[in-house]
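J.: Protein chains in written order, with this note's numbering: chain F, 1 to 176; chain B, 177 to 352; chain A, 353 to 604; chain U, 605 to 856; chain X, 857 to 928; chain H, 929 to 1000; chain Y, 1001 to 1354; chain D, 1355 to 1708.
Derived by calculation from the structure, the hints in this document are not laboratory data.
Hints should not be assumed to be uniformly reliable.
[Unchecked claim] Result set (BS3-like, lysine-lysine): computed pairs, CA atoms no more than 25 angstroms apart in a straight line:
#, chain 1, residue 1, chain 2, residue 2
1, H, Lys-960, B, Lys-256
2, Y, Lys-1229, Y, Lys-1128
3, H, Lys-960, H, Lys-976
4, Y, Lys-1043, A, Lys-505
[Claimed, not checked] Label-pair ranges, simulated between beta-carbon atoms:
#, chain 1, residue 1, chain 2, residue 2, range
5, B, Glu-324, Y, Lys-1228, 53 to 63 angstroms
6, A, Gly-591, X, Gln-925, 52 to 62 angstroms
7, F, Glu-100, A, Arg-358, 30 to 40 angstroms
8, F, Arg-86, Y, Lys-1228, 51 to 61 angstroms
9, Y, Pro-1194, D, Asn-1590, 23 to 33 angstroms
10, F, Glu-100, Y, Ser-1352, 18 to 28 angstroms
11, B, Pro-332, D, Asn-1590, 41 to 51 angstroms
12, D, Lys-1401, A, Asp-361, 40 to 50 angstroms
13, Y, Lys-1228, B, Gly-188, 19 to 29 angstroms
14, A, Gly-591, Y, Ala-1225, 57 to 67 angstroms
15, D, Asn-1590, Y, Ser-1352, 34 to 44 angstroms
16, Y, Pro-1184, U, Pro-688, 46 to 56 angstroms
17, F, Thr-79, D, Asp-1571, 13 to 23 angstroms
Ideal Cβ positions, reconstructed from N, Cα and C, are used throughout, including at glycine.
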Amino acid sequence: MTDSIIFAGFGGQGLLFAGKLIAYGGMIEGKEVSWIPSYGPEMRGGTANCSVRISDMPVSSPVVSNPDYLIVMNSPSYTKFINSVRPGGKVFIDSSMIDEKCSRTDIDCFYIPATELAHDNGVDGMANIVLCGKLLRETGVIKTESVENALNKIIPESRKALIESNLKAIQIGMDI
Amino acid sequence: MTDSIIFAGFGGQGLLFAGKLIAYGGMIEGKEVSWIPSYGPEMRGGTANCSVRISDMPVSSPVVSNPDYLIVMNSPSYTKFINSVRPGGKVFIDSSMIDEKCSRTDIDCFYIPATELAHDNGVDGMANIVLCGKLLRETGVIKTESVENALNKIIPESRKALIESNLKAIQIGMDI
Amino acid sequence: MSVVFRKPDSMADVNTHYCPGCTHGIVHRLICEIIDEMGIEGDTIGICPVGCSVMAYDYFNCDMIEAPHGRAPAVATGVKRSLPDKFVFTYQGDGDLAAIGTAETIHAAARGENITIIFINNTTYGMTGGQMAPTTLPGQVTQTTPYGRDVEKAGYPVKMCEILSQVDGTALAQRVSVDSPKEVQNAKKAIRKAFQIQRDRKGFSIVEVLSTCPTNWGMSPVESLERLRQECIPYFPLGVYKDITAKENSND
Amino acid sequence: MSVVFRKPDSMADVNTHYCPGCTHGIVHRLICEIIDEMGIEGDTIGICPVGCSVMAYDYFNCDMIEAPHGRAPAVATGVKRSLPDKFVFTYQGDGDLAAIGTAETIHAAARGENITIIFINNTTYGMTGGQMAPTTLPGQVTQTTPYGRDVEKAGYPVKMCEILSQVDGTALAQRVSVDSPKEVQNAKKAIRKAFQIQRDRKGFSIVEVLSTCPTNWGMSPVESLERLRQECIPYFPLGVYKDITAKENSND
Amino acid sequence: MGKINVIFDKCKGCGLCENACPQKIIQIQKDKINSHGYFTAVCINDDKCVGCAMCAVMCPECAITVERQVQK
Amino acid sequence: MGKINVIFDKCKGCGLCENACPQKIIQIQKDKINSHGYFTAVCINDDKCVGCAMCAVMCPECAITVERQVQK
Amino acid sequence: MTAERVLMKGNEALAEAAIRAGCKCYFGYPITPQTEIAAFMAKNMPKRGGTFLQAESEIAAINMVLGAASAGVRAMTSSSSPGISLKSEGISYIAASDLPCVIINVQRGGPGLGGIQPAQADYWQAVKSGGHGDFHILVFAPNSVQEMADMVVKAFEKADQYRIPAMILSDGMLGQMMEPVVFPEISDKMPEKPWATNGHGNKRKHNIINTLFLQPDELEASVSARSKKYETIVENEQDAEFYLTDDADIVVTAYGAVSRICREAVDEARKNGIKAGLLRPKVLWPFPVKDYQKIVPTAKSILCAELSTGQMIDDVKLAVNCSVPVEFYGRTGGNLPSADEIIKKLAEINDSLS
Amino acid sequence: MTAERVLMKGNEALAEAAIRAGCKCYFGYPITPQTEIAAFMAKNMPKRGGTFLQAESEIAAINMVLGAASAGVRAMTSSSSPGISLKSEGISYIAASDLPCVIINVQRGGPGLGGIQPAQADYWQAVKSGGHGDFHILVFAPNSVQEMADMVVKAFEKADQYRIPAMILSDGMLGQMMEPVVFPEISDKMPEKPWATNGHGNKRKHNIINTLFLQPDELEASVSARSKKYETIVENEQDAEFYLTDDADIVVTAYGAVSRICREAVDEARKNGIKAGLLRPKVLWPFPVKDYQKIVPTAKSILCAELSTGQMIDDVKLAVNCSVPVEFYGRTGGNLPSADEIIKKLAEINDSLS
Ligand SMILES: Cc1ncc(C[n+]2csc(CCOP(=O)(O)OP(=O)(O)O)c2C)c(N)n1
Ligand SMILES: Cc1ncc(C[n+]2csc(CCOP(=O)(O)OP(=O)(O)O)c2C)c(N)n1
Ligand code: SF4
Ligand code: SF4
Ligand code: SF4
Ligand code: SF4
Ligand code: SF4
Ligand code: SF4
Ligand SMILES: [Mg+2]
Ligand SMILES: [Mg+2]
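Chain F on its own, in the form it takes in the complex (with noise of 0.2 angstroms):
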């Protein structure tokens, strides 16, 4: 079993960080676990986006071109990702920030109004995380103490406050 997963929006939503959170979640727990980013100049036009791949066996090539999930904050990777989803796939997608809807019936969509959800709850900036937390809810990809592991592996202990934040993001996500 093999789930690959693209995190895709602007330059500074986080989305490297939270493609490398999943993918420690995975490591954590045994899993084969792959991560890149898309690279060169093309990022400098604003947009980040990485590929992971969570599996049981080795990991061929970590590039994803069909994910099983997509996690997206910004329209124009919505339009360049969306029809690339497998069908029977899962789409996350941060409604503040992206007005389209998905007209595809052979995979799932949720809206998540995530900007908004994470400042209205204090935690500015981490809709990158409550992104997370719905994916986790949704698809199991990994288990939830997982991701919790994986942060307080990722960030210093000298930055307590933040592991409380992207917890409270998770749960966020988690809870819509």
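Fit chains B, A, U, X, H, Y and D with the ligands to the given chain F structure using the hints.
T.: What follows is chains B, A, U, X, H, Y and D with the ligands alone, placed relative to chain F:
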């Protein structure tokens, strides 16, 4: 039949030119010829030498290790090359410059005070050509008129006097 | 009402790939304005080496060549020696011109190569993601000077106009800025002078343009102009470092 | 009677491959004298790139490295960063340092790399048989300027001390000559100063030595010294172009 | 009297024009993203435009055309 | 009072010592070639040597050793 | 924390492992897609007693490595394709000086400026001629972040052992991706380097690092001595990984990034009844000829897959003595083949076999 | 004077022929043993309406060539081994820009600074990878002063025809030796170059010379188009010379300087009753595979002789599909084998055959 010749001495003694002259003469006779200088930093030490081959067949390597004939104009070169001459070979030694006498019995050595002869005959600095004259006389490697033709080709008409003195130097060598 | 400002003809009508507020675009336009004003689009060959402006071949309507990193002055020399009657300019970044291309720059100048160099000093390697450039200011944080440029270890910034003023073939070495409309107009004058020097076969001309890189400076475009004024100009003083036409032109 | 002059200990007791009267040998000796006087033979690493002096690794008794053409300052940087307490010097020709190695030279200076460069300016490429060097004088006939160096086509000579004086990391840039016993002694003083600057970790030091190449100049050694005086020194004026220790030392 | 025209799809909303305008009549509108994903500059008070072209001179994208009543 | 010693096999006969000697007492002898093929420098008047070492200072081959009566 | 798995980019894992392996000097020049190596070094070297220096060019960087290696310290440089071309003179000199060092090539698309996505079109440059003259360098080909770390350690060790430059021939994919990596325990005992030019301290004769031999016989002796060394290396350092090759009709062979995809393709092909296997060279020079010889008796066909128009394929043919037909599948420009593309090719070959 | 034989150095004959072939720009940097090319150009270009320019480095020189070639003129540079390494990035760019030009490598001993006597150790660098990325250049291998002249003319023509860099892979012996040469009649009609960046004069769209393609699919398309061109060249431009191969048991194969010595050895060996022949590649890329195929039916053994530790030998093995055993004889460091050395080797092989 291939004749191979080494011309060796100090830079400035005109040995590269002498080699070229003989090779040119051979070419005029329709033979296959080659000329190659020793090159590179060792030139700077002050020695200059070149190898010439004159042949009925295509020349393989232009580099001569065991010459049939050797024209030599300084003592270091004499030491360096005298033992490389093939048995039966001929050596033309500028005895104005070289005091050594050869003890080999399997080769013919000609001691010509070429530098003095050139000076005394008003063709100063043409000891190299004097030695070529002797070479022609003793070996017949090419015909004398071929050298004359070669001179006419190599030296521009504007410097006719130079051709004259070269011819004179050859004659001196022939006449010894 | 008449149009008093519009895109110059020699500038291609396409969207650039530059980040918002990057001043590369301003300098492109100035060059095109001069090309238009001098009517030389058909006689000009532009050369852009690697750097953020590598794709400028799509933005200028004159013939264009992409050069390897740092080698534009050599490529320009090859073109100019082949076509001495054409205008040849290069458009180079600070990493390109003042690091890997140092030798090519100085020797094109020493040859008095009759070309014009537009030199974009944005104190960083823009294209590769913001590493230290030879022009990175002391203390400036970049990807490869994460603790700020320590001149003891990483060396001092290189001042190309100052250096080139010591090279005999240099006809013009001038440093300008694009931080305000006034400076932009000054920059344009300098670029015009450079092209005129080339037209008059007077030798090597270089215009160094202090420029911004909002993306890698981590600032807004407007803040970037401010930094340019507050930090860059004091370190890299604007002015004419060498101009062999200065005397003749002194009553301009 | 006591010996007042003899071969320095750090100079190998071998015959050199240099042409008769070539002043490379004088400069070698001066460096060795300084090494002896400072007692640093065991702490010194010398680097000779390609050029007539490439085989100098056989002439100096300290540890020696042969560098690719033009790259000695980079090699020296690698050594010095690994062994900051050792003395590192390079010995480079004008073709090497001022043509192919221009970037390496200028950037070692800009980094204030704590090394010493001895720069032999003999206005030609000696080793390869006398081609034009960046320092070849206008009008000078060489293998590649058979009609004399035409500055219009072949460019102007490059003046490295002048250029390096504009580089912030340069601690010492001084031009000396070896055309007479007096100048040789001056040259020695400059070389000593350079090594002292290195010892005191003050940065990059370069001593440019106007030198002869009798073979490729087509002159006798004595005539060559005369040319050096008459033609080279006027074009490349001797003197201190930069010395950050000048003030402290002014009462020397 | 002047007038500017911002080419909607060329503008990257960098704000350099806004910063340069002596009349302070340019703003980056936050309503409509162009095809490249940028909010763009607009002139918020056509009447006050003097046609000085300072905005255009600073625009890195050549996104501004300026017209002016030319005397004489 | 001084004295020079030219190492025969190191000298290349370049004449720089000859040229530098204030006493004009060095000459390149034309009698004997050394092992590298050079005529070499010799001091032609030991008595006049002042031991100034100018010759040695100019010798590219380090072929000259100089001795001198050191006062004090 | 040694035994812990951490998630890291290939470039960063390599840089961390290099520091652990005792790399004391890093000299580099920015180029995508390897900038993370320099960034990591810039951040960590100063804290851990090493030198990070951004050179003015790739040429300066490789020559700084020459200097540091001469001084006897472990030194490294990294770049990507065009930058490696610029280093080729320097690499030839380092090889000719018998100096150990490590060179990283995170390959991108070429020729010329090309692109910045993964490619394997510098194979020849790495294994045949990263410069003029007769010489070789050790070439390691990782295919995971773990191997980026492991192989750089090995590269430093082998470089010192044989006094030879060693290269990690990686690519943009391996450099940019994150995977779990466990850093190995590394002995901090460094080998003696009595040949180093680090100042003789009046205790030994001066050391000389040089490559010039004007006398042909001397140069030939030096080249021959190096050839002898190469023979030892060819004997001892070949390395490859076998996957399901024992009974394979078709052996896919691939290194680096593309080998991962081929492994998936082999698994899938097996499901479709195609007897496929994978032979993955882990060292490209010396080429693992002995390992290829092992498949000769059983393999009916070989499929060589590369991110190039076909470079390693020649070595594969020679390794099997042209006795097994070798097919090719290549992608270029930064494109990676999908497993499906490989499977399709396998199916075609399989059909032709029967 | 066209039909006249003149005695000239290989380097000078090449330079003269280049000027006759319409070379308008020469850019070079001094290095032994090719300095005569630059010296000749310096003397003659100004008189004959061309440009001679001594560049500040080999890198500058190759990039000046890039510029001049872009401008549409015939341009050339020359160097020797280490200098060619420095040009490798530029060569990759020129190839990627589909620009025609001529590059001369008068090979010397390596690696590193090596020596200045003849060698053939840059074979791989010339035919496999004079730089990063998938590309090829035409490689001509003269073995006489006459061919130094003839092949440079051909190199200019073929370079223009295919828009590809062409190299003359010579060596110190061929460069330094004099032999009679007859300069060929050359048409002074130059091909049209509508792609040149020589100023559009408002008469056409602007031309662009570039190598960057950030989109993998675009870069792949560009690489594939160039591969197609290479296929045409491989089909049409192979060239080799056969000497007594028809009935030869042992075919010696060698190019350049060493092929001359092998020819003498073949003649001598025949006298001793050894049925030897010589197959001499005149073009090294594309390698004359078709010509090698011709000897497969009859040859019992091949002896590959090179001034290297063995580089062309791999291509020879592949060209005969490993179906004929290939032996090797190599000298390095600037040494040339004597005919006797080759004959001895031939005798050994001959003995082993019976
Ligand atoms: C030989 C080589 N080395 C490195 C690179 C990577 N590279 C691309 S652009 C660039 C420098 C960009 O900086 P700069 O010249 O200052 O231009 P900017 O992007 O800042 O405008 C570098 C190092 C390359 N393409 N080629
Ligand atoms: C890359 C490279 N290019 C060219 C050469 C040939 N070469 C050897 S020494 C030299 C220059 C010598 O001139 P200079 O540095 O002035 O030293 P000099 O011999 O005059 O003392 C050159 C070009 C080389 N060895 N390597
Ligand atoms: S990275 Fe910097 S220099 Fe490059 S386009 Fe963006 S702002 Fe401009
Ligand atoms: S060629 Fe010139 S620089 Fe070289 S050793 Fe001879 S005189 Fe000295
Ligand atoms: S033309 Fe002048 S006044 Fe009008 S908008 Fe532009 S800057 Fe403002
Ligand atoms: S300066 Fe140009 S790009 Fe920037 S906001 Fe104004 S119109 Fe838009
Ligand atoms: S200076 Fe030295 S080498 Fe020259 S002649 Fe005098 S002793 Fe001999
Ligand atoms: S020491 Fe002085 S006086 Fe004596 S020989 Fe030498 S230069 Fe002449
Ligand atoms: Mg920059
Ligand atoms: Mg010199």
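J.: Has the hinted range 23 to 33 angstroms been met by the Cβ atoms of Y/Pro-1194 and D/Asn-1590?
T.: violated (57 angstroms)
J.: Assess, step by step, whether the Cα of Y/Lys-1043 is no farther than 25 angstroms from the Cα of A/Lys-505, and give holds or violated.
T.: Status holds; Cα separation ~13 angstroms.
J.: Okay, Y/Pro-1184 versus U/Pro-688 on CB: inside 46 to 56 angstroms?
T.: Since the Cβ atoms of Y/Pro-1184 and U/Pro-688 sit about 30 angstroms apart, the hinted range of 46 to 56 angstroms is violated.
J.: If I claimed the Cβ atoms of F/Glu-100 and Y/Ser-1352 lie 18 to 28 angstroms apart, would that claim hold in this structure?
T.: violated (48 angstroms)
J.: For the range 52 to 62 angstroms, tell me whether the beta carbons of A/Gly-591 and X/Gln-925 fit it or not.
T.: For A/Gly-591 and X/Gln-925 the Cβ distance comes to about 37 angstroms; the hint is violated.
J.: Return holds or violated for the Cβ distance of D/Lys-1401 and A/Asp-361 against the range 40 to 50 angstroms.
T.: Hint holds: Cβ distance 42 angstroms, inside 40 to 50 angstroms.
J.: Just tell me: holds or violated, for the beta carbon distance of F/Glu-100 and A/Arg-358 against 30 to 40 angstroms?
T.: At 35 angstroms between Cβs, range holds.
J.: Determine whether the Cβ-Cβ distance between F/Arg-86 and Y/Lys-1228 falls within the hinted range of 51 to 61 angstroms.
T.: holds (57 angstroms)
J.: Need the status of pair H/Lys-960, B/Lys-256: alpha-carbon distance at most 25 angstroms?
T.: holds (19 angstroms)
J.: Is 34 to 44 angstroms a correct range for the gap between the Cβ atoms of D/Asn-1590 and Y/Ser-1352?
T.: Roughly 29 angstroms apart at Cβ, these two residues miss the hinted range, so it is violated.
J.: Confirm or reject the claim that B/Pro-332 and D/Asn-1590 have a C-beta distance inside 41 to 51 angstroms.
T.: holds (44 angstroms)
J.: For Y/Lys-1228 and B/Gly-188, compare the CB-CB distance with the range 19 to 29 angstroms and indicate the outcome.
T.: violated (44 angstroms)
Hints 6, 9, 10, 13, 15, 16 from the earlier list are contradicted by this structure; the remaining hints agree with it.
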